[in-house]
Amino acid sequence: EMIIGSLAVVVFRSVVTALGILLIGAAFGVVTMHALGEFLFWVVGVSAIFGLIGIIVGLWSKNFEQLTMLNVFFITPLSFVGGVFNTVSMLPPWLRWLAYGNPFFYFINGLRHSMIGFSEGSEAFGAVFTVALCAILGAWVWRLFSIGWGLRE
Numbered sequence: 049e050m051i052i053g054s055l056a057v058v059v060f061r062s063v064v065t066a067l068g069i070l071l072i073g074a075a076f077g078v079v080t081m082h083a084l085g086e087f088l089f090w091v092v093g094v095s096a097i098f099g100l101i102g103i104i105v106g107l108w109s110k111n112f113e114q115l116t117m118l119n120v121f122f123i124t125p126l127s128f129v130g131g132v133f134n135t136v137s138m139l140p141p142w143l144r145w146l147a148y149g150n151p152f153f154y155f156i157n158g159l160r161h162s163m164i165g166f167s168e169g170s171e172a173f174g175a176v177f178t179v180a181l182c183a184i185l186g187a188w189v190w191r192l193f194s195i196g197w198g199l200r201e
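In terms of the numbering used here, the sequence shown is residues 49 to 201.
Keep in mind that the hints were calculated from the coordinates and are not lab data.
Incorrect hints may appear among the rest.
Beta-carbon label-pair distances, calculated as ranges [as the list claims (entries may be wrong)]:
| no. | residue 1 | residue 2 | range |
| --- | --- | --- | --- |
| 1 | Leu115 | Gly53 | 35 to 45 Å |
| 2 | Thr135 | Met50 | 21 to 31 Å |
| 3 | Ala183 | Ile72 | 25 to 35 Å |
| 4 | Ile164 | Ile195 | 37 to 47 Å |
| 5 | Phe128 | Gly196 | 17 to 27 Å |
| 6 | Ala83 | Phe112 | 31 to 41 Å |
Just so you know, these numbers come straight off a predicted model, no measurement behind them.
Beta carbons: idealized from backbone N, C-alpha and C, even for Gly.
With the sequences and hints as input, model every part of the structure.
In structure tokens, the structure reads:
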């Protein structure tokens, strides 16, 4: 119940935020939507992944400084190399191979494709990867809750 409730709140908040941004963009005439169903799949999948990671970090961390380690050392660097601000083809060749091994690349690529129809990678691989990562992280969180790790300390 705690896992499903926490995850449902994260996903709901993400979907509402994404749809709100789309509505604001539509009001200014700057929204293009290539595939709405695909867009919702990526928003739900990526928010579930980050929600599960957040639960794991919340169980692991003992103080506020440990909570920020995830953002500082993983999320920010991976998002910069993942194609948020530029396409992967703009990266130097020695850095391009790193981007294709970056999970954020597939999240960003899927969302970009669902909105504008442009893709630099395999959407099918990204979708399978996203579902598999959700399942793995979900099983991990369930296991942590079932043994009470980080809950009773």
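Taking the hints in turn, this is what the structure says about them:
1. Leu115 / Gly53: 35 to 45 Å: Since the Cβ atoms of leucine 115 and glycine 53 sit about 20 Å apart, the hinted range of 35 to 45 Å is violated.
2. Thr135 / Met50: 21 to 31 Å: 40 Å, violated
3. Ala183 / Ile72: 25 to 35 Å: 33 Å, holds
4. Ile164 / Ile195: 37 to 47 Å: 44 Å, holds
5. Phe128 / Gly196: 17 to 27 Å: 37 Å Cβ-Cβ, so the 17 to 27 Å window is violated.
6. Ala83 / Phe112: 31 to 41 Å: At roughly 40 Å between Cβ atoms, phenylalanine 112 and alanine 83 fall inside 31 to 41 Å, so the hint holds.
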